[in-house]
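**Student:** Protein chains in written order, with our numbering: chain A, 1 to 523; chain B, 1 to 572.
Simulated from the structure, these hints should not be mistaken for laboratory data. What you are looking at is a predicted structure, and each value in this text was computed from that prediction instead of being measured. Note that beta-carbon positions come from the ideal geometry of N, C-alpha and C, so glycine has one too. There's no promise every hint is true.
Facing chain B, from chain A, some residues (calculated, C-beta under 8 angstroms) [unchecked claim]:
hint : residue
1    : V432
2    : L437
3    : P488
4    : C492
5    : V494
6    : S505
Quick list of simulated restraints, FRET-style, between CB atoms [claimed, not checked]:
hint : chain 1 : residue 1 : chain 2 : residue 2 : range
7    : B       : A212      : A       : N302      : 48 to 58 angstroms
8    : A       : R104      : B       : G26       : 26 to 36 angstroms
9    : B       : S65       : A       : W61       : 35 to 45 angstroms
10   : A       : L299      : B       : R163      : 43 to 53 angstroms
11   : B       : A530      : A       : N301      : 53 to 63 angstroms
12   : B       : V436      : A       : L479      : 23 to 33 angstroms
Calculated cross-link-like contacts (lysine to any residue; reagent style SDA-like; alpha-carbon spacing at most 25 angstroms) [as the list claims (entries may be wrong)]:
hint : chain 1 : residue 1 : chain 2 : residue 2
13   : A       : K381      : B       : Y27
14   : A       : K381      : B       : L25
15   : B       : K115      : B       : S79
16   : A       : K381      : B       : P23
17   : B       : K113      : A       : F455
18   : A       : K456      : B       : L21
19   : A       : K36       : A       : D98
20   : A       : K381      : B       : S111
21   : B       : K115      : A       : K36
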Amino acid sequence: MDPTLAVLSRALLIVLPEALMLLLGTALLTAGAFVKLSRRTWCALAVATVAIAAATLFSIWNDRADVYASVVLNDTLSRYARLGFLFFTLVILATAHDQVEDSRASDLFGTILILSAGSMLVAAANDLILMFVALELVSIPTYLLLYLPRRDERTREAATKYFFLSIFSSGLLLFGMAYLYGLSGMSNLKALGFAARFVPEVPNIQFGLIAVVFVLAGLAFRVAAVPLHFYAPDVYEGSPAFMAALLSWVPKGIGMIAIIRVLTSTVGGLNSPVADKGFLLAWVIAAASMTLGNTVALLQNNLKRLFAYSSIAHAGYMMTGVAAAFHNTQGSLPLAFGAEGILLYLLAYGLMTLGAFAIIVALGGPDREIATVDDLNGLAKSHPRTAVAMTVFLFSLAGIPPLAGFWGKYQIFASALSSINDDYARSYQYLVVIGLLNAAIGAYYYLRIIVAMYFKTADQALTTKIAWPTGAAIVACALLTIGFGVYPSPTCNVTRRAAIEAIRSPEVTAAPRTATRVVDRSN
Amino acid sequence: MATLLCFTVLIPLVAACVLALVPGLGYRESRSIALATAILSTLCSGALAFAFEAGRVDPQFAFGSSEAGYGAPWMGSGSVRIAFGLDGLSVWLFALSALLTVTGVCASWESVKEKAAAHYALLLTLETGLLGLFASLDIIQFYVFFEFMLIPMFFLIGIYGGRERRRASITFFLYTLVGSLLALAGLISLVVINYYYGDKHVLTFSIPELTAGLAAITRPEWTDVHPWYTNPQVLIFLLLFAGFAVKVPLFPFHTWLPLAHVEAPTAGSVILAGVMLKVGTYGFLRFNMAMTPLGARVLFPTLAFLSVVGVIYGALTALAQSDVKRLVAYSSVSHMGLIALGLFSATAVGMEGSVIQMVNHGLTTGALFACVGIIYERYHTREMSAMRGLWKRLPLFAFFLILASMGSIALPGLNGFVGEFPILIGAFRRDPTTAVIAATGMILGAYYLLSMVQRVAFGPLEEPAHDDHDASAHADPHAASDDRHEQKVRPVGWHEIVGLAPLMAFIVIIGVYPKPFLDRIVPAVRPIAARFPDSGYRTPSEGSTTALSARRADAVAQRHPLNSLVTKETGL
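Could you put the whole structure together from the sequences, leaning on the hints where they help?
**Tutor:** Structure, rendered in structure tokens:
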């Protein structure tokens with residue numbers, strides 16, 4: 001077979017789960033116009049699609065691609081991140097299963113499926129163009145979703161705000177990517193990473209700085225990091241709770257994985273001026289996001305705004321890992337890789353945030369939404385088990401061991417501290433101290449919710465009954481939060497492997513052929 | 001025995017899960033399950049302490065060996081391990097945690113009837129946290145237990161506490177969390193330093209290995225103190241200090257303590273003051289003194305100052321209290337300052353005194369808080385002005401109160417003396433002035449405790465007015481039915497005796513015959529103390545006075561029968 005064709009067919013095989021999900025998602029979206037079914041049925045169909053995608057993913061589990069030729073990868077990061085996205089799609093589907101009326105249900109679930117396919121594609125992408133397309137494949141359904149469920153003034157404002165800022169950030173990202181491409185003439189990310197080993201010898205390295213700044217800015221919007229964070233509180237508040245859940249998890253997940261793929265694994269390195277500038281930028285973003293997110297969250301009484309600011313703060317913790325990841329290279333063996341910490345943190349963050357939002361969604365009835373912290377007063381009395389689950393999520397968010405959130409924080413700070421021999425060791429240490437003090441500040445507003453649930457009494461007790469799909473999602477998230485916390489070893493092994501494989505750019509064996517092919521393709 | 005240790009640590013957690021998960025448990029069943037579990041784990045820990053071989057420095061009852069690594073891999077590439085084991089520093093605190101849980105369960109026997117299952121579940125979870133912490137051989141595992149304890153304590157104070165419980169629980173939680181997060185940075189840094197600066201570049205999280213590894217580092221970045229503020233040892237010392245000083249609590253980090261104590265339920269106070277505060281001093285010894293000795297040497301004047309201010313300030317504030325519980329709480333600040341002083345004196349005598357004094361203070365303060373609980377349960381007040389001469393009403397209570405107070409005052413022949421006297425000697429050898437000032441604090445301690453005992457126990461009987469409704473709700477119906485007028489106040493019940501009698505026994509036993517206790521502690525303290533020069537804190541020209549005072553202290557030590565024992569053990 002023609003080698004190019006072989007590479008292409010292998011790539012198509014690898015994105016089979018995404019392709020299936022896109023196809024079935026579109027089918028769902030279209031069918032909604034012709035068939036009338038209840039929302040439960042639509043949701044069941046969406047869940048079945050996710051199951052099919054998962055089965056496909058397992059069937060291609062061991063297929064590997066030629067890293068310098070293929071536009072998609074099937075390395076550890078790609079496989080497990082896609083698996084994770086599938087799991088969290090299930091959680092989101094369960095949370096949203098009764099949130100819209102029957103007529104719009106097919107639209108909602110179809111869009112969620114397309115969006116999930118996009119997020120999985122981000123994890124697999126190994127090409128600048130495909131990465132951008134995948135990111136947009138998440139953004140565009142998000143605009144739709146923001147308009148879909150309720151059509152009042154506030155939702156519209158939130159959607160418009162998100163729309164314009166998202167377009168803006170996509171522009172920034174594309175601009176940065178163009179420089180990355182212009183500098184190297186390659187769009188394959190692994191090949192870029194390989195070329196970046198010779199960075200000090202590359203002429204016009206300043207363009208690399210422009211690329212790093214703009215790509216990081218474009219992705220900072222998705223992870224809701226300072227200075228592109230300010231949409232988050234308004235948009236969260238203006239959208240229904242399940243949308244806030246989706247917005248707090250999906251963009252953050254894809255943004256962080258895109259940062260690992262596009263930035264830290266390619267231009268990262270010791271003694272590289274690009275990486276040093278990237279580190280400084282990530283340092284500033286991390287410190288600013290953590291501090292702003294945590295301090296402003298202290299003042300919030302609205303739950304969605306509180307979680308919005310908490311999500312900004314968590315973006316800051318993860319940016320600490322990004323700062324460390326800029327200095328991790330192939331061959332270095334630190335105590336913890338930055339990317340390792342980010343991935344672990346993402347997993348923990350997804351579990352605890354989606355779990356907490358699922359509870360907020362489930363407790364809100366048609367007549368009474370859970371809007372403020374005070375609405376949770378006395379929850380321990382009316383819903384004792386739900387209160388326990390919420391407590392697990394909140395303590396995990398605060399980073400108290402032995403819950404998943406603690407290991408995320410631990411890995412991130414360990415990765416920053418293990419750079420003792422760098423010139424930047426002192427900067428890392430300051431960042432860690434800032435981060436830890438922030439974690440303590442952050443604990444206050446999570447505790448406030450626990451205090452409301454356990455130590456206060458409600459004026460009017462909640463009587464909402466939690467539907468079983470949402471209940472199952474909450475239980476799964478809580479058990480996994482505890483499980484990963486008590487026995488972190490398997491997860492940590494996976495994240496470490498993923499981090500190492502993401503950085504690794506293997507030596508080129510058939511140098512001329514591969515290299516020409518890469519250049520050819522990019523032309 | 002290793003299995004027994006794991007069993008001892010985990011059995012309270014299992015019982016807590018049973019209490020939390022089995023629906024519809026009444027307070028009778030819950031408290032019986034809790035008491036049985038607490039007694040079982042106490043017996044197990046007693047067996048462990050008995051089987052502990054005196055004279056060995058390395059951890060005992062651990063799976064695995066120091067070569068192959070203790071315990072089992074827990075996280076990552078197997079370097080973070082989960083490993084339980086006890087050594088001389090931890091064995092008695094381990095046993096104390098188990099014993100005080102029995103006291104805690106007994107103290108809440110009659111007073112907690114609502115949400116009792118959850119209360120006992122939290123108490124037992126707390127016990128697992130403490131036992132696991134003292135038995136940790138891994139630095140990250142230590143930290144996990146260190147922070148995990150906050151959760152049950154937070155709920156114990158917040159749900160079962162007094163009027164200000166919400167504020168108290170949040171203050172307690174956040175204060176401790178700020179410190180312990182900084183300590184986390186310090187702990188990770190220790191591992192990183194050992195990895196990069198050590199000759200063999202071993203990535204280890206094991207506490208014994210780290211202690212040995214860090215001591216062996218000869219790189220000038222690590223051992224050179226000029227200037228001190230750039231030395232990582234000193235900086236890490238400060239990070240760790242932030243975590244443990246809040247826990248102890250040293251002045252000026254103590255502000256959470258009176259609030260937490262006054263609002264906490266009796267069981268919470270007993271465990272909080274009895275064991276949780278010791279976690280701080282244990283951390284000082286285990287990490288600050290053993291792993292970053294240079295920091296302790298450089299910062300000694302500040303540390304000694306803070307400790308001594310804590311001793312005096314705690315004592316003076318206690319003197320001004322009219323609430324018995326508040327008084328005992330402030331007395332803890334004072335006594336813990338003295339323990340910290342003993343540690344920072346970095347002399348073998350002082351550190352041994354501190355370790356045994358941790359146990360002693362746990363026994364006496366635990367007992368005092370339990371006594372306060374006895375009063376509060378009956379009269380619903382803790383104001384000293386409202387009560388007098390309770391000896392006549394509750395003779396057994398008065399006996400407990402007096403014995404515990406005497407132990408706390410450090411009356412020779414009781415346990416406090418065994419700990420506080422060596423601490424003063426150690427402090428005197430290092431810096432006579434601090435020792436003299438700290439001794440003043442002890443005199444003040446005798447003053448406020450004695451006047452408290454005098455008011456509460458002696459004199460003509462005078463009881464606080466209490467409404468009948470409350471009393472009948474809390475008093476045992478059988479006791480009350482005998483004679484409603486005379487027997488309104490329930491006499492000290494069997495469960496209170498079960499809770500307090502072992503503490504009283506140990507107060508006397510340690511006071512009279514401390515040898516078995518010191519035998520186990522001394523070998524573990526010796527290598528830590530050996531890292532500090534005898535009189536190397538000052539320049540040689542000043543050294544002569546220090547040496548002189550040290551000799552004088554030695555002479556004192558020799559003359560006293562008790563300390564000749566200590567001196568013999570340490571070979572000083």
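**Student:** Now tell me, hint by hint, if it's right for this structure.
**Tutor:** Hint check results:
1. Checking V432(A) against chain B by beta carbon gives a least distance of about 5 angstroms; that is within 8 angstroms, so the hint holds.
2. Checking L437(A) against chain B by beta carbon gives a least distance of about 7 angstroms; that is within 8 angstroms, so the hint holds.
3. Here the hint on P488(A) is kept, as its CB sits about 5 angstroms from the closest CB of chain B, short of 8 angstroms.
4. Because the beta carbon of C492(A) sits about 5 angstroms from the nearest beta carbon in chain B, less than 8 angstroms, this interface hint is met.
5. Contact between V494(A) and chain B, as hinted, is not supported at the beta carbon level, the nearest pair being about 11 angstroms apart and thus beyond 8 angstroms.
6. A hinted interface residue such as S505(A) counts as satisfied when its beta carbon comes closer than 8 angstroms to some beta carbon of chain B; here the least separation is about 22 angstroms, so the hint is violated.
7. Under the hint 48 to 58 angstroms, the C-beta atoms of A212(B) and N302(A), about 53 angstroms apart, fit the expected range.
8. For R104(A) and G26(B), the hinted distance range of 26 to 36 angstroms is not satisfied, since their beta carbons lie about 50 angstroms from each other.
9. S65(B) and W61(A) have their C-beta atoms about 39 angstroms apart, which keeps the hinted 35 to 45 angstroms range intact.
10. Look at L299(A) against R163(B): about 27 angstroms separates their beta carbons, and that is not inside 43 to 53 angstroms.
11. For the pair A530(B) and N301(A), the beta carbons lie near 57 angstroms from each other, so the given range of 53 to 63 angstroms is met.
12. With their beta carbons about 59 angstroms apart, V436(B) and L479(A) fall outside the hinted range of 23 to 33 angstroms.
13. Note on K381(A) and Y27(B): the hinted pairing holds, with a Cα-Cα distance of about 18 angstroms set against a maximum of 25 angstroms.
14. For a cut-off of 25 angstroms, the pair hint linking K381(A) to L25(B) stands: about 16 angstroms separates their Cα positions.
15. Restraint check: the Cα-Cα separation between K115(B) and S79(B) comes to about 41 angstroms, which exceeds 25 angstroms; the hinted pair is violated.
16. The straight-line distance between the Cα atoms of K381(A) and P23(B) is roughly 14 angstroms, inside the 25 angstroms bound, and the hint therefore holds.
17. Between the alpha carbons of K113(B) and F455(A) the distance comes to roughly 17 angstroms, so the proposed pair stays at or under 25 angstroms and holds.
18. A threshold of 25 angstroms between alpha carbons decides the hint, and for K456(A) with L21(B) the separation of about 23 angstroms falls inside it, so the pair holds.
19. A hinted pair counts as satisfied when its Cα atoms are at most 25 angstroms apart, and K36(A) with D98(A) qualifies at roughly 16 angstroms.
20. Using a Cα cut-off of 25 angstroms, the hinted pair K381(A) and S111(B) holds, with the two alpha carbons roughly 21 angstroms apart.
21. Of the supplied pair hints, the one linking K115(B) and K36(A) is violated, its CA atoms being roughly 50 angstroms apart against a limit of 25 angstroms.
Comparing the model with each numbered hint stated earlier shows that hints 5, 6, 8, 10, 12, 15, 21 do not hold.
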